[in-house]
Amino acid sequence: EVQLVESGGGLVKPGSSLKLSCVASGFTFSSYGMHWIRQAPKKGLEWIALIYYDSSNKYYADSVKGRFTISRDNSKNTLYLEMNSLRSEDTAMYYCAKKGDTYGWYFDFWGPGTMVTVSS
Amino acid sequence: DIQMTQSPASLSASLGETVTIECRASEDIYNGLAWYQQKPGKSPQLLIYNANSLHTGVPSRFSGSGSGTQYSLKINSLQSEDVASYFCQQYYDYPWTFGGGTKLELK
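Protein chains in written order, with the working numbering: chain D, 228 to 347; chain F, 908 to 1014.
The hints are simulated quantities; they were obtained by calculation from the structure and are not laboratory data.
Fair warning: this is a prediction, and the values are worked out from it, not measured in the lab.
Fair warning: there could be bad hints in the mix.
Okay, the calculated beta carbon distance ranges per label pair [claimed, not checked]:
| id | chain 1 | residue 1 | chain 2 | residue 2 | range |
| --- | --- | --- | --- | --- | --- |
| 1 | F | Ser914 | D | Asp289 | 24 to 30 Å |
| 2 | D | Ser290 | F | Leu918 | 27 to 33 Å |
| 3 | D | Ser312 | F | Val990 | 46 to 52 Å |
| 4 | F | Gly948 | D | Glu316 | 18 to 24 Å |
In this text, a Cβ means the ideal position worked out from N, Cα and C, and glycines have one as well.
Okay, chain F solo, but in the shape it has when bound (with noise of 0.2 Å):
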């Protein structure tokens, strides 16, 4: 199986800040990546997918990007609502495997 490494597994930032959440893969997933949002007590949302396409609906300040094995997502301009966990997930092999989560709050 494909192991997803997510880091940092949290992160506390400042309303305005840019943030950035890094995913790597054990080995070559060729940009099936994608990124989702879960908000407390609510289900994950989809940000990112093909490792850099956003999403239908979602804010111009999350971008995606990376290659081979290492990924990143990026939130400018840092909002309240985007309090939440953010996982990566791979759909390059069966099985499909989620990186282990980052809990980003409010400094």
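The shape of chain D in the complex, shown without the other chains (with noise of 0.2 Å):
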């Protein structure tokens, strides 16, 4: 069974840094490519950052392009997403999710999420 758990969330003031980990189990972890999706409270879903398998190549949104950076631990099944420069509109339900086993960048596995608030 596929399991993705976050964790590393927390209440940080604005320009402070945090870094969220996931840890994957089910499969093989250092055969997939893995995303961070974000969900703003009341709000819809946002795409944030992806990493190929062997982390060769990372996508990032806009928004968080050169605050945040996506990496992997393949020896340890983990996906990190290290925050910095957190701004209040970062605050938001932080998701890890699996690429889908076929073509295409979809997300076929979530976890739970991780809460991030950012507020002085």
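Bring the two chains, given one by one in their own frames, into a single complex with the hints.
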């Protein structure tokens, strides 16, 4: 059974940093691209970052480019999102998601999410 | 960026009814479209990918169709457990973008 479990969220002040983790199990983590997607309270979904299975390519949404860094450790089955210069508009539930099995960058399994609140 | 416009934003339907949710892309996305269901307080779950392929374990009352810029999700014989928000997502082109969502409630 595929499982993704995020952690590392919390309440932080504007301008600060935070690092999220996502531990994966139930599939061969090192064979799949992984994403971070966020959802502001009562809002829609926003894709924010992708990392290829071998870390060879990384893509970011414009809203986080230059501030957030996605990375992974395949030996630990863990995905990361390092977030710097946090802003109030970064307040959201952050989900990690696995790339689907077939061609195409859809998300076939999601974690339960970790909440990040940026407020003074 | 490809804009995804979903309609309606909210929908009220009766048990057993057939429901259709629409998603329009700002340009041709060549069937690179997925649908997700999100129940209150939960993370989204994949229903449909490649516009019309049913994800493993998803009930057959859910179906997807469409092409080009117009896509739809149909739920046959609405069940109480289908009360949720539904989102479309295009993955034809980076950055991957979502529709604004449709909140489905029981009448």
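State, for the Cβ atoms of serine 914 of chain F and aspartate 289 of chain D, whether the hinted interval 24 to 30 Å holds or is violated.
At 26 Å between Cβs, range holds.
Is 18 to 24 Å respected by the C-beta to C-beta distance linking glycine 948 of chain F and glutamate 316 of chain D?
holds, 23 Å
Starting from the hint 46 to 52 Å, judge whether the C-beta atoms of serine 312 of chain D and valine 990 of chain F obey it.
With Cβ atoms ~39 Å apart, the hint is violated.
Pairwise beta carbon distance, serine 290 of chain D to leucine 918 of chain F, judged against the given window 27 to 33 Å
Holds - the Cβ-Cβ distance for serine 290 of chain D and leucine 918 of chain F, about 29 Å, lies within 27 to 33 Å.
Hint check: a violation occurs at hint 3 only; the rest are consistent with the structure.
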